[in-house]
Amino acid sequence: MVVGHSGLTRGFLRLRSIQFENFRNHRSFSFEPEDGINLIYGQNGSGKTSILEGIHYCALTKGFVSAADGECLSFSAGYFLLTALFESSSGIETAVRLSYTKESGKKLQIDGNELKPFSLHIGSIPCISFSPPEIVIVSGPPGERRRFLDNAVCQSDRRYLDNLLIYRRLLQQRNALLQQLSQSPGKDRSMLQLWSENLASSAASVTAGRVRFLAEFHPFVESLHRDLSGGQTPSIEYSSTIGRLLEPVPESELRERFLQRFQENEQQEILRGQTLSGPHRDELIFLSDGRESKRYSSQGQQRTFLISLKLALFQYFNEKIGETPICLLDDIFSELDGKRTAAVLDILEGCGQTLISSADLKNHPGSAVHHLQTTPSTRNSEV
Amino acid sequence: MRYTSAAIEALIDAFAKLPGVGRKTARRLAMHVLQQPRLEAERLASALLDAKDLVVRCSICQNVTDRDADPCRICTGQGRDQSVICVVESPVDVLAFEKTAHYKGLYHVLHGVISPLDGIGPDDINIRELLQRLQPEKGGEVREIVLALNPTVEGETTSLYLSRLIAPLGIMVTKIARGIPVGAELEFIDEATLSRAMEGRTTF
Ligand SMILES: [Zn+2]
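Heads up: the protein sequence lines correspond to chains W and Z, in order. Using the numbering used here, read the first sequence as starting at 1 and increasing by one per residue. Using the numbering used here, read the second sequence as starting at 1001 and increasing by one per residue.
A portion of the hints provided could be inaccurate.
Unchecked claim - Using 30 Å as the maximum straight-line C-alpha spacing, the simulated DSSO-like pairs for lysine-lysine come out as follows:
no.: 1; chain 1: W; residue 1: K106; chain 2: Z; residue 2: K1024
no.: 2; chain 1: Z; residue 1: K1024; chain 2: W; residue 2: K116
no.: 3; chain 1: W; residue 1: K320; chain 2: W; residue 2: K62
no.: 4; chain 1: W; residue 1: K116; chain 2: Z; residue 2: K1099
no.: 5; chain 1: W; residue 1: K320; chain 2: W; residue 2: K339
no.: 6; chain 1: W; residue 1: K102; chain 2: Z; residue 2: K1099
no.: 7; chain 1: Z; residue 1: K1138; chain 2: W; residue 2: K106
no.: 8; chain 1: W; residue 1: K107; chain 2: Z; residue 2: K1024
no.: 9; chain 1: Z; residue 1: K1099; chain 2: Z; residue 2: K1138
no.: 10; chain 1: W; residue 1: K116; chain 2: W; residue 2: K106
no.: 11; chain 1: W; residue 1: K102; chain 2: Z; residue 2: K1138
no.: 12; chain 1: Z; residue 1: K1017; chain 2: W; residue 2: K107
no.: 13; chain 1: W; residue 1: K339; chain 2: W; residue 2: K362
For the record, the hints were derived by calculation from the structure and aren't laboratory data.
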């Protein structure tokens, strides 16, 4: 083993190797990163981003942003296959094999055994990413922020993902019933009460999980964002359909409030055939010095907010689950200015494994450097 | 690729409609039938028809039984505790509990759970038949209803619905304990776990 970085005294989660087959522009490619900071250089189209995305897939069973798995297929290929070997801080190896075909979708194998549902895998390989399209987390519609939040809570709270999946199913069921009621107004409404009660309990546990997470997470964002933005104070507000939740509220109270809201809106919900309040409609608001980043921040400021969020996650996971996440930073040098990049690397240096893709050669002392060639057939990693 | 015989194609189509059978397996099964003596094919055909013609739902518990054995063996069985009814979704769940050989009460098979997405409401599963078994004129023997539905969103909602209907009748409603992983189907859980789940049941 080559030690890529000095000063590593404690163990951490690391990716040993990853193989790509028909994944985006990698027909057949294997990659072995070093410990510490890895810089992956290559021109546009050399597949450097796909390397990071493939690792993200193996850790979290999906890409950076919501997109169809089929988009990751190499041109005219019928399947893609990713195989990766991870090693935990305590030295336990995990072999991940993720395959996709158009016919049977995604399949996940852990140490040779098929794993279902995928939710069982989430959290076992903590991983954070920073990539240009993810700017929608700050600048885009509310759904992007909910997705960010759910991904973050899921990785640190095993039960949250179960609760979220139950919530989604209950929501589908209640919406189906609302649609039936809207089509035949004379139908008995007594079943709606039962689904409303169940959905209210589930909505309360999902909301409580989110608010609890945000309360613990906020201090990390605060100090990072202050440093990276040159003194701005960030805040994160959870704006629920049952009102602003600025601090954790007991689950029983949340349940009552959801139930009350369902009852108040019953007529309208039947008319529209859908559930109008609940965590699936809640909004997360990022503010910098009291002003909403989505509306009032420049693109540069929004990027800074995003990297603060991501690094805060890194620190939070590190503390909360005792395993240093793998960091995937796509094109960070062109996204952030030199001062901020240096600050980011400063934080990541000496803890865990970081992979950075870039089109320009930048020297960073102590990091492993990989060059990607652009001819697809001979593409290889050199250290 | 299609075979030159329409009869073979029809057989393959029929096998491929079975749950869990893909096109490839269907072809293998069809070839197997062709290679067997005619007698074997007759046995298969009559087993299929017998199942359709002779199997009925037990008039008491709604589990599957033969036409000439209604009420079923469990409902009429000696040594069964007539005061406990375990409510399950489907006949395979009865089989799972019977394999544990620990539970000695009766069953009631709902043949489904409430699921608006599938257009299934309380009237579409055998809830009315369950309530009839609990009427005082039936002897008032039933003291406990054990809800053993799958721990899915639909199973839990059906359990809640049943507990609200039954509790006012003065009958104890319990639910099997949850040593069971969420999302797991009862029929795939090992017998020891299922046995413990039945013993550790809690009042709803
Ligand atoms: Zn019977």
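Violated hints, by number in ascending order, as checked against the structure
Hint check: 6, 7, 11 fail, others pass.
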